[in-house]
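Engineer: The listed protein sequences correspond, in order, to chains A and B. Residue numbering for the first sequence follows the numbering used here, beginning at 124 and increasing consecutively. Residue numbering for the second sequence follows the numbering used here, beginning at 5 and increasing consecutively.
Don't take every hint at face value.
To be verified - Here are the simulated DSBU-like cross-link-like pairs (lysine-lysine), alpha carbons at most 35 Å apart as the crow flies: (1) B:Lys314 with A:Lys381; (2) B:Lys258 with A:Lys365; (3) A:Lys228 with B:Lys29.
Everything labelled a hint here was simulated from the structure, so no lab data went into it. Quick caveat: nothing in here was measured; it's all calculated off a predicted structure.
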Amino acid sequence: MTLLKIENLTVSINTAQGPIDIIKQIDFQMETGEKLGIVGESGCGKSITALAIMSLLPERSVISGNITLNGENLLALSPAQMCKVRGNQIGMIFQEPMTALNPVKTIGNQIAESLHLHLGLRKKEVQDRVCQLMENVGLPRQRFPLGLYPHQLSGGQRQRVMIAMAIACEPDLLIADEPTTALDVTVQEQILDLILELADRSGMGLIIISHDLGVIAQTTEKILVMYTGNMFETGPTTEVFKHMAHPYTQGLFSAIPKTGISTRSDRTRLYTIPGQVPEIHIKFKGCSFADRCSRVLAECRSQVPPTVDLGNHHQAWCFNPLERT
Amino acid sequence: MKSPLLRMVNVIKDYPLPKQKLFEKAPVFRALNGINLNISRGTSFGVVGESGCGKSTLARIAMALDRPTAGEVFFENKELFSLLPKELHGLRRNFQMVFQDPYGSLNPRKKVLSIVAEPLDTLSEKLTVKERQERVEKNLEEVGLNKGDIDKFPHEFSGGQRQRIAIARSLITRPSLIVADESVSALDVSVQAQVLNLMMDLQEKYNLAYMFISHDLSVVEYVTDEVAVIYLGKIMEQGKTGDIFQHPLHPYTKTLLAAVPSIDPTQQRQRSVRSDGVDAEAPSGGCPFQPRCPDATEICREKHPLLETKGNQLVACHHV
Chain A
124 MTLLKIENLT VSINTAQGPI DIIKQIDFQM ETGEKLGIVG ESGCGKSITA LAIMSLLPER
184 SVISGNITLN GENLLALSPA QMCKVRGNQI GMIFQEPMTA LNPVKTIGNQ IAESLHLHLG
244 LRKKEVQDRV CQLMENVGLP RQRFPLGLYP HQLSGGQRQR VMIAMAIACE PDLLIADEPT
304 TALDVTVQEQ ILDLILELAD RSGMGLIIIS HDLGVIAQTT EKILVMYTGN MFETGPTTEV
364 FKHMAHPYTQ GLFSAIPKTG ISTRSDRTRL YTIPGQVPEI HIKFKGCSFA DRCSRVLAEC
424 RSQVPPTVDL GNHHQAWCFN PLERT
Chain B
5 MKSPLLRMVN VIKDYPLPKQ KLFEKAPVFR ALNGINLNIS RGTSFGVVGE SGCGKSTLAR
65 IAMALDRPTA GEVFFENKEL FSLLPKELHG LRRNFQMVFQ DPYGSLNPRK KVLSIVAEPL
125 DTLSEKLTVK ERQERVEKNL EEVGLNKGDI DKFPHEFSGG QRQRIAIARS LITRPSLIVA
185 DESVSALDVS VQAQVLNLMM DLQEKYNLAY MFISHDLSVV EYVTDEVAVI YLGKIMEQGK
245 TGDIFQHPLH PYTKTLLAAV PSIDPTQQRQ RSVRSDGVDA EAPSGGCPFQ PRCPDATEIC
305 REKHPLLETK GNQLVACHHV
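The task is simple: from the sequences and hints, build the whole structure.
Structural biologist: Written out as C-alpha cells, the structure is:
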C-alpha cells in the first residue's frame, strides 16, 4: 500500500528579489514500511523536503503540488487539522539533540506531550506509556528517571529521548533528519540500529536524511539524490550504489577517502567535484550541475535534462549518464 | 632517527570537579592519563577516540594553551612549560591550530585581512603595512582564495572557503606544526575532499607536521602516517596508520572500526539493540575499556594493562 506520495512538489520562498524555487518538481512515493534515504550536499533541499511534508516551512514560503499520506492530501488540511497529523501520523527526529529538546522541561514531560495532545490518555496511562517508550529506546527507568533534564544526559541519550518523542504516538511515517551527524561512530551505530529495529517492529515508513553515504547504505532500501532542489537520481539503494548513473552521484562517492591504503606513497589525491554548490537564487535554463560536471554536453546548459529510465525503478535526470558497468 | 618535533612524556591532565563537601579536597577528573607520543617533522599524527576521551585536551596541551598537571612537552627539544612566558610567546609562531567550526572560529566583525594577519601582529616581527598585506594576499592565494578577498567579511564565504581562511591564518607565521582539531568534520564530503587535498599539498610544500584529531576514521586513515587510539585519557593502541587500520589488535580499536557504516549496501552488519546504561567510569586499577570489552576477563578488572610492543604497534591489552 502507498504510504506517502509526493507529486510535483515545488517550494518557493518569497524574497525582496521575488520568489526563489528551493524545491523543484519533486516526485516520489513510498510504500508502507519502506525505508527511503535522501542524500546531497548542504543546501540541496533535503531538509526542506522533510519540513514540507511536516508542513513546518517558514511563513513566506509557497508550496505547490501534492503530498498525500495514506490517501489524504496534507496540503489541503487546515493548520488545526495538520496539528493532528504532525506528531501523530508523522514523527520527526531532528538533527541536533542538544538544541531540539527543551532545557527547562523534564524528559518525562517532553515525551508525554504528544501523548496528552493526540491520544487524550489519562495521567496514569501516559506515565506507563512514557516508561515503556523509555524502555524501548534503551533508557531503562531504574537508571533514567522521568524527572531528568536534558543537560543531565549525553548526546546519544538525548537522541534516544528524541526518538522516544517521535515514536510516542506510533506514527506511520518517521522522518529522521541527520539523526546521527553529531554523534560518535559507536553511538551512531546504536542509534541507527535502534531506529531500524523500531521501524521493523511497528511497520512504519522511514525517511533518513543524511550526507553520510555509509549511513544511507546501511539503513535504506531506496535512495533519492538531490542537488539544488532537483531530483538527480533515484532507485533501490543497492542498485544506485552499484550502478550509479548520474555524474553527481559518482562525484559524491569518489570524494570519500579510500580505505585500505598502507603507506603515504599509495595515497592518491582525493577526487573533488570542481566549483561549489551554486547560490540559491541562480536560475538555470538547463541542468544546474552543468558547470561542475565532467560529462557536460552542449544541451546540458540549454535544456532541462530528461528522465532516463534504467529499469528496476532506477531513474536519473541527465543527458549523458554513466554507462552501466 | 630524526629528532621529533613534538614530544610528550607521561603527560597527565586533571580537571577539578565541583566539591562534594565544603572542607574536602575537590575531586578531579583525569582527562589525560600518562600520554607519551612523538611527532616528527613533515609527518601526520592522527588522534582518534570518542567524545570525552581527551582528544581536545591533548590538542590544547600540544598548543601550550593548557598546562599539564604532570609530565613534559618538548617542542624542538625545548620543554614548553618550563620556559619563561616571553620565550614561550616567541616559540608560538612555530605551532598553530585550525579549529572545528569555520563559523565560530572567524570573528564576524573583522575583515579577512585582519583575521589572517592576526598571528603576524601578535607573534611576528614588525612588518610594514604593505608587507603585511602582501603576506596575507600570498597566503590567501596559496589556499585557493583570491587576493581581492582581503576586504571581505567571513559571512561572504561558504563553509569550505572559511576553513581555507582558517588554514591561511594558521600558516601565516610559517609554523612547522599544525594542530587540526576536527577541522573537516563540519564540511560536506566534496568540500572535505578539497580541504584535505589542500592540507596534503601544503604539507608537501612546507614539510609541515600535522596533529590530526578526528572522529571520522576514514579521514584519519587517509591523512595520517601514525595514529593513536585514545580511550578515557589513555592510549590504547598506537602505530603506523596502515597497520592499525588493517590489523587492529586492541578490542577498542576493533569496536571503533566495526562501527563505521560501510558504503557497500550489500555488506549488512548484524544489528544489535543495546541500552544506554554503560558507565564510562572504569574500576580503579583495571583496564579503562573493561566494562565495554567483549573479551574482558578477571585480570582486566584487577590489573592495568601497559602499552607494550606487539608486532608493529603498541597495544595496551592483556589479551593480545
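Engineer: Could you run down the list of hints and mark each one as holding or not?
Structural biologist: Now the hints, each set against the structure:
With a C-alpha separation of about 27 Å, the suggested pairing of B:Lys314 with A:Lys381 holds against the 35 Å cut-off. Taken as a hint, the B:Lys258 and A:Lys365 pair is honoured in the structure, with Cα atoms around 27 Å apart against an allowance of 35 Å. Of the supplied pair hints, the one linking A:Lys228 and B:Lys29 holds, its CA atoms being roughly 34 Å apart against a limit of 35 Å.
In this structure, none of the earlier numbered hints is contradicted; all agree with it.
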